[in-house]
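One line per chain: the protein sequences are E and F, in this order. The opening residue of the first sequence carries number 1 in our numbering; numbering runs sequentially from there. The opening residue of the second sequence carries number 1001 in our numbering; numbering runs sequentially from there.
Please keep in mind that the hints were generated in silico from the structure rather than gathered at the bench. Do not take every clue at face value.
[Unchecked claim] If you want the ones that stay clear, here's a sample from chain E, every Cβ over 10 Å from chain F, calculated: (1) 22; (2) 26; (3) 40; (4) 79; (5) 83; (6) 87; (7) 108; (8) 139; (9) 153; (10) 154; (11) 178; (12) 179; (13) 187; (14) 198.
[Said to hold, decoys possible] Listed below are the simulated SDA-like cross-link pairs for lysine to any residue, each with C-alpha atoms no more than 25 Å apart in a straight line: (15) F:1179 with F:1113; (16) E:54 with F:1142; (17) F:1054 with E:112; (18) F:1179 with F:1038; (19) E:54 with F:1046; (20) F:1202 with F:1142; (21) F:1054 with E:149; (22) E:54 with F:1179; (23) F:1054 with E:145; (24) F:1179 with F:1114; (25) E:54 with F:1022; (26) F:1054 with E:150.
[Claimed, not checked] Label-pair ranges, simulated between beta-carbon atoms: (27) F:1016 with E:168: 38 to 46 Å; (28) F:1020 with E:13: 43 to 51 Å; (29) E:34 with F:1034: 53 to 61 Å; (30) E:44 with F:1101: 32 to 40 Å; (31) F:1020 with E:145: 34 to 42 Å.
Glycine included, every Cβ here is placed at the ideal spot set by N, Cα and C.
There are 2 protein chains.
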Amino acid sequence: MCREEGVDVLFAPSPEAMYPSGFQTAVTAHAVSQRWEGTHRPTHFGGVATVVTKLLNVVRPHVAFFGQKDYQQVVVVQRLVADLNVGTLIVSCPTVRDPDGLAMSSRNVYLTTAQRRAAPILYEALRAGETAILKGGTDGGRIRRTMLMKLAEEPLVQVDYMSVCDPASLEPLARVIGKVVLLGAIRLGPVRLIDNLLVRPKTKGQRAKSR
Amino acid sequence: MCREEGVDVLFAPSPEAMYPSGFQTAVTAHAVSQRWEGTHRPTHFGGVATVVTKLLNVVRPHVAFFGQKDYQQVVVVQRLVADLNVGTLIVSCPTVRDPDGLAMSSRNVYLTTAQRRAAPILYEALRAGETAILKGGTDGGRIRRTMLMKLAEEPLVQVDYMSVCDPASLEPLARVIGKVVLLGAIRLGPVRLIDNLLVRPKTKGQRAKSR
């Protein structure tokens, strides 16, 4: 796959090379690791932060690219890079979507036909939240309910969380003032899907113009 | 002081530069941080590991020097440098001592005249342990008791710990086979002193020759 994509160098160290006997050091970005995905996978972001620190220290790249689909992971990595003075620019790459809006993920193959048909509702719910904000909505709780109501249209869906958050701290916002991230996680049977949207509210002038 | 010593460059960042608002990442070398000094200062080595990771990432030195007197600190730093692939050689510098053997420390000024007179007993106890090993002693418990008996000669001393340890993992050893570190911590009134000695047992041939 890398060859087809024109990759020049692939660095894929073995677990033994990364975690030799006696290994015991952990990197933790405390606050941003504990919310949302962190409540479902308590040790996940600790592992991510540690291995990313190691990889960046070995390779010392000027720039490293991560997918926006795992938004919280991007925030954890940006946090540790800033906090530990790693000196790499972390770039978030736009989420790649199927034509119906479903974010591409290796997990999508586990969806049954019916679940796959229902899956785009997550993106639609996020888009409904975005529309509410672009129309001038600033009440975090109300925007969240708009997203939940959209999801309620789909009986196969179980909601893990839908939230309106500060894009850097990931704290839920009661009031939308500047840029926000809408985070969502749902389950379709045993398959768990996550997605997100970054939204910047329009200024009053912008809203008047677009009417 | 740096000028007198011929230092070319001093990098002494402010706390605000090192820990700006939102800072939340921690580096922890779990096992080696929890023993000995770690039981007395539970958060100490976490702070050390985090700030040393930051400083090494900012400066990216080929070599960094640490004093052997804080032996456990050297081990924590060597551990994190290896585990996080920092790429700096950590060099341990010999402990500097007063003529009577007391390891130099900024804390020594807090000793009363009587306490200062008693203080070299820590080094003497470590030397007694060393002598026992060089004479062929291999029973960790016995070597430890030899050191404690030496300390018992000095009524002003309260012992925090005396131990015979693996020099990398800092685990206490029942049996001395290769190189070991003797670690000690005592209190003289309110002043807490630490010291250590690295000891390599002589081979049978070496012991025969020295008789």
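Subject >> Restraint status (C-alpha distance of residue 1054 of chain F to residue 150 of chain E at most 25 Å) >> reply: violated (45 Å)
**OP:** Would you check the hint for residue 1179 of chain F and residue 1038 of chain F, treating anything up to 25 Å between C-alpha atoms as holding?
**Re:** Measuring from Cα to Cα gives roughly 23 Å; hence the hint holds.
Subject >> Assertion that residue 87 of chain E lies farther than 10 Å from chain F (Cβ) >> reply: Violated, since 7 Å does not exceed 10 Å.
**OP:** Return holds or violated for the Cβ distance of residue 1020 of chain F and residue 145 of chain E against the range 34 to 42 Å.
**Re:** holds (36 Å)
**OP:** Mind verifying the non-interface call on residue 154 of chain E? Its CB should be farther than 10 Å from each CB in chain F.
**Re:** holds (36 Å)
Original post:
Keeping to a limit of 25 Å between CA atoms, is the pair of residue 54 of chain E and residue 1142 of chain F held or broken?
Top reply: The given pair, whose Cα atoms are some 42 Å apart, is violated under the 25 Å limit.
Original post:
Holds or violated: are the alpha carbons of residue 1179 of chain F and residue 1113 of chain F at most 25 Å from each other?
Top reply: violated (36 Å)
Original post:
Is the Cα-Cα distance between residue 54 of chain E and residue 1046 of chain F 25 Å or less?
Top reply: holds (18 Å)
Subject >> Cβ separation of residue 34 of chain E and residue 1034 of chain F, checked against the hinted range 53 to 61 Å >> reply: Violated, since residue 34 of chain E and residue 1034 of chain F (Cβ atoms, about 22 Å apart) do not stay within the stated range.
Original post:
Regarding the assertion that residue 83 of chain E does not contact chain F, is the least Cβ-Cβ distance greater than 10 Å?
Top reply: violated (3 Å)
Original post:
Within 25 Å, alpha carbon to alpha carbon, are residue 1179 of chain F and residue 1114 of chain F?
Top reply: Roughly 35 Å between the alpha carbons, so the hint for residue 1179 of chain F and residue 1114 of chain F is violated.
Original post:
Was residue 187 of chain E rightly flagged as not at the interface, with every chain F Cβ beyond 10 Å?
Top reply: Per Cβ check, residue 187 of chain E is outside 10 Å of chain F; nearest 29 Å; holds.
Of the numbered hints given earlier, the model fails hints 1, 2, 4, 5, 6, 15, 16, 17, 21, 22, 23, 24, 26, 27, 28, 29 and 30; all others are met.
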